[in-house]
Amino acid sequence: MSTATGTRTIPYIAACTEALRQLLREDPDVFLAGEDVAGYGSVFGYTRGLLKEFGPKRVFDTPISEEGIVGLGVGSAACGLRPIIDIMFMDFIGECMDEIVNQMAKMRYMFGGKAKLPVTVCTMAGAGINLAAQHSQSLESWLCHVPGLKVVMPATAYDAKGLLIAAVHDDNPVFVIFNKRMLGVMGEVPEEMYEVPLGQARIARAGTNFTIVATGRMLPEAMEAADTLASGGLDVEVIDPRTLQPFDTETVVNSVKKTHRALVVHEAVRFGGLGAEIAAQLQEEAFDYLDAPIGRVGAPFSPVPFSPALEKLYVPDAAKITAEVQRIVGKAG
Amino acid sequence: MSTATGTRTIPYIAACTEALRQLLREDPDVFLAGEDVAGYGSVFGYTRGLLKEFGPKRVFDTPISEEGIVGLGVGSAACGLRPIIDIMFMDFIGECMDEIVNQMAKMRYMFGGKAKLPVTVCTMAGAGINLAAQHSQSLESWLCHVPGLKVVMPATAYDAKGLLIAAVHDDNPVFVIFNKRMLGVMGEVPEEMYEVPLGQARIARAGTNFTIVATGRMLPEAMEAADTLASGGLDVEVIDPRTLQPFDTETVVNSVKKTHRALVVHEAVRFGGLGAEIAAQLQEEAFDYLDAPIGRVGAPFSPVPFSPALEKLYVPDAAKITAEVQRIVGKAG
Amino acid sequence: MDIPKAKLLDLHERMVRIRVFEEEAGKLMESARIPGALHLYVGEEAVASGVMCNLTDEDQITSTHRGHGHLVAKGGDFKKMYAELFGRATGYCNGKGGSMHISDMDLGMLGANGIVSAGPPIAMGAAFADKYKENGSVAVAFFGDGASNEGAFHEAANMAATWKLPLILLCENNGYGEFTPQARHQAVKDVADRAIGYGMPGAVVDGMDAIAVYEAAGEAIARARRGEGPTLLECKTYRFYDHVGIRGMGVSYRTDDEVLEWRKRDPIQLLEQRLTEAGVATTAELAAVHERTRAEALDAIKFAEESPFPEPDELLRDVYYVKA
Amino acid sequence: MDIPKAKLLDLHERMVRIRVFEEEAGKLMESARIPGALHLYVGEEAVASGVMCNLTDEDQITSTHRGHGHLVAKGGDFKKMYAELFGRATGYCNGKGGSMHISDMDLGMLGANGIVSAGPPIAMGAAFADKYKENGSVAVAFFGDGASNEGAFHEAANMAATWKLPLILLCENNGYGEFTPQARHQAVKDVADRAIGYGMPGAVVDGMDAIAVYEAAGEAIARARRGEGPTLLECKTYRFYDHVGIRGMGVSYRTDDEVLEWRKRDPIQLLEQRLTEAGVATTAELAAVHERTRAEALDAIKFAEESPFPEPDELLRDVYYVKA
Ligand SMILES: Cc1ncc(C[n+]2csc(CCOP(=O)(O)OP(=O)(O)O)c2C)c(N)n1
Ligand SMILES: Cc1ncc(C[n+]2csc(CCOP(=O)(O)OP(=O)(O)O)c2C)c(N)n1
Ligand SMILES: [Mg+2]
Ligand SMILES: [Mg+2]
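Residue numbers (the working numbering), protein chains in the order written: chain A, 118 to 450; chain B, 118 to 450; chain C, 303 to 626; chain D, 303 to 626.
Errors might be hidden in some of the hints.
Once the Cα atoms are required to be at most 27 Å apart in a straight line, the calculated DSS-like pairs of lysine-lysine come out as [stated by the list, open to error]:
(1) K174(A) with K466(C)
(2) K174(B) with K466(D)
(3) K466(C) with K169(A)
(4) K309(D) with K566(D)
(5) K233(B) with K625(D)
(6) K231(A) with K435(C)
(7) K625(D) with K231(B)
(8) K174(A) with K435(C)
(9) K429(A) with K329(D)
(10) K435(D) with K174(B)
(11) K491(C) with K491(D)
(12) K233(A) with K466(C)
(13) K604(C) with K231(A)
(14) K604(C) with K429(B)
(15) K437(A) with K375(A)
(16) K491(D) with K174(A)
(17) K169(B) with K466(D)
(18) K169(B) with K435(D)
(19) K307(C) with K566(C)
(20) K174(A) with K233(A)
Please keep in mind that the hints were generated in silico from the structure rather than gathered at the bench.
Input sequences plus hints: build the corresponding full structure.
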């Protein structure tokens, strides 16, 4: 695998940039717009160099106007372009939820199928770097509840590139939710363009005794927990849904039918998070196979605190996942 | 019960108006603001007469500026007033989600407990009267996912009055989600002020064989389904959570421990709706008591269609609930 | 008037088509033959028609909750429109949109919209696409005086001005945002004044004078086509019927006098008077337009009412685009 | 200058307090002694100080992501401020807010804010409360040139004007919205021009001239206190350090020349020059202010760094108000 032609080990952030570059090269109707994505290359640096290569017609900065920015995406997509829109922090989607939910998501349906909206929205979620309550949220469950949207959350460099390309190639509105703490994570990434198909989960680690479903930044934590648990004799299967909407129920259900126990992990607040939906589906689809209730690990029911002393208690991690698996396994007796 | 002093049978809408009137009379710091709530008495008519009694200082119309309207609520509440804010249709909260989620919900926490925000937001949810995709949504699960907010959804005239009063008396931001199809529903309502305590579910119908948890407009549908099922020998308990956040898990869990089977019903889209959270909690808390998976009935995964021919297929009703209970009971064998 | 006769007659016909469409639609609503709520455009015909006479099918518009007039003026088909109001499978949106989401992408009509001020950002995006493709097209965002207080308007206006997009922000100021008079929802008299804050030209036009609208919109549109950027055009107009339907919900918020005063300036009568005075058309010729339009409307209503409802499988269709 | 000497010295002291607080805070960030990101106010001291010299603790302000300066000028306590930046239990927000949410409700400082343009709607609500209570207080919303493009600003401005609220919309135009120069985020040169569209007065002030800001803000505030409604005041200013921290992230978006040109108009030096020339204070007296402030800051930093972190149970506290 590591010697496949043109595959290098590069950081997640470079995989994002490469995907954008290739997408912009591939199709003159693709453009990239957002706050400080051009001149500055985004505050996260993931669009650096693109203005230089593609010029200000294709890559440009917008005013600080999230509702307008999404409107730019909706209107131009409806007129045949293929916009890539950046909403700097996921926390800011509250500024443009109407445009996302009542326009972008519904236009096609409301117009009886006569509109096509190939628009991609990139945004950055996640806590853990002391940015406090308004720059740390994971709000994907809002979007997943909205018919008409697709939502992906890449957890590896490979998926960051492949999901972003698939998102832009898709003829529907797709949200690509990156995680700010993953930008430096290294991974093997082919040089050429490739798609990670939307709607397909990945078995990140095969196992037989227990299933952990982990999204985004929680994937490496779950992998670490699985290692720890392995030394205790539990052979954990770890699944990365990759696409959150449409959700690949089948892969997860099949795993649980085999392992009989599962834990869902996400960074978002536990109450009302996507984990609730996944747990609900699992008990619906695999009820007779379950030896224990489906567990859920997510953030506690509070805003994200600034103090490092509290934030480290707030964000789920391998230790919490391990403990929760052990509790469930214990319970299952 | 029907002869309690000062109790009359009045419509849900009149219960709302009465609560507002009594709240405005009780406390000079209470005011009511929203689009066309004063001169016109709201497009739903539930604030009619209040301008006349309280004058334009206490009851007034705002520009069409949802973000500003919520800001009015946040800023004035932080400065000691007790605002009641109306967001005409729940579909419009996308216009003010930032103000709701990043300001209203978090200010107290971010300021280390030094702010108090006694603000109530009233809004109208629900489909079924051919208002199409942007005037029919039930988006409560977004709000329930946000720490710092409380959310109630009255399903009877009694609760409309009592929950609204409790919401305004509460020193936290509370959303009161009415349903446009319930405004004419009659119920017994005491004349005097009373609170329906936030966070307490109500057993709307006691039963032993099966639990239906139904919110808002789905309560009467669930009651009808329970009647139908009773004639088939199934003694259904129906629970109305009344408050969605904080959710009264205990009442629901206790019921399920007794009945061993449950169905959660809401008008919102099923995927990612509050039903997912309730189902997830139930299987966590009552796993060993369950004879069948927790079922969920909600709207299908599409925007709300305009055509009556489609909308009647879209909105859950007694028939769908009955069928789903029968399916679950059959499955449970 | 150095406007060609054909153009003037075109202008007139569009106005009559709106009027007739709306009167019949209003009756359908009041008699509950159709479901849902209609926001009628009667009284404001000069605005949509005056603007649309300057556009082709390649130009885009975004509309409002009061959207029938815009679609009719842009060339909307009565049959598909009425069928949509009836919620039938033959409607513009297969019955799934209804009055508030009626649209025709082929005519560049990007939808009526149930969200106040949702149009400007979308039209701004459309104008961006026009500029990007250098196709010489423009986009027009219709919105009301009430809508001008939404943040969405502000953001779209600023972006359009900053990027010199071929966008016309077309404010239909009918004096009320729903039931709230303008003076109680904004401190300015002219929404057009807001143009100054974005660095674009703004102008006020008599929205009951179809020719004035035609000419002012024509200038703004020409300017946009020349790549000189957006314009905020405010047309002072009035809705002759209520906010919703013909009689509304029976709560009075306008005086009878005010309504009568405005009705005296009926935009169709005003234009007809000018056309006959100028010898462009005879009274009989103009009356004939009304008549044949009425016949077309009644015929379309019949078609609509006889059309089938969408099949159940339509419920979940077109939530997403699916490759064929 | 017919401003009392005490007022002038007060103005100067507030500016110095901001400068010193920020320089030390910047060092703490660059040396990673504190977590998170800081947006420093250095260069803009005249604005916060000039405004705040007109306010009492009963007046409210809302701030921005660049909020330390506003809190210092409003009388913020160095110990509680630094402790907050350190994420300690003794901080203003018990360590839960940090730089971007630093606040002191007792001083009427309704929070720094991580959401651009979140301040104006909240300040508008505060101004509404002032009017409602007829307490003679005013609210001031600070916001940037970049923030003036958000819909939230627009909605708040329109509401304040419509209701004649005692609100000052105080634009700190430092020429950049994050890294985007003003000319690329809006077509107007003066944000103050937007006032016209709301029907309120607007004015441009030299934001490096503390006395000019003091006087212009004083007028607007007096007007608001008289019940005559809001004003949009734009102060042209500049941030001497980067958008985030002192050196930022090393991507250049301003020329060195531009920065140097603005630094020549250091607002503190400008004021000190005027004060000494007018004989209001000697150079030594002014220097003493810097010195004692620096000592206070270092002392406060020591206090902060020695303070305990919040206990784990603080995590779930104050999500809701709970009756005692
Ligand atoms: C975001 C949003 N807020 C409120 C409404 C409810 N509403 C529908 S029409 C309307 C009035 C719009 O006024 P204006 O823009 O002047 O248009 P007009 O009806 O006068 O043509 C309102 C408030 C809505 N549909 N969307
Ligand atoms: C709603 C929102 N959008 C974007 C950002 C990211 N952001 C933080 S500061 C900033 C620039 C603000 O510019 P301006 O208002 O001019 O203030 P300045 O930083 O120049 O003081 C941006 C875009 C944000 N915090 N909130
Ligand atoms: Mg209007
Ligand atoms: Mg700035």
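Looking at the structure, which of the earlier hints fail to hold? none
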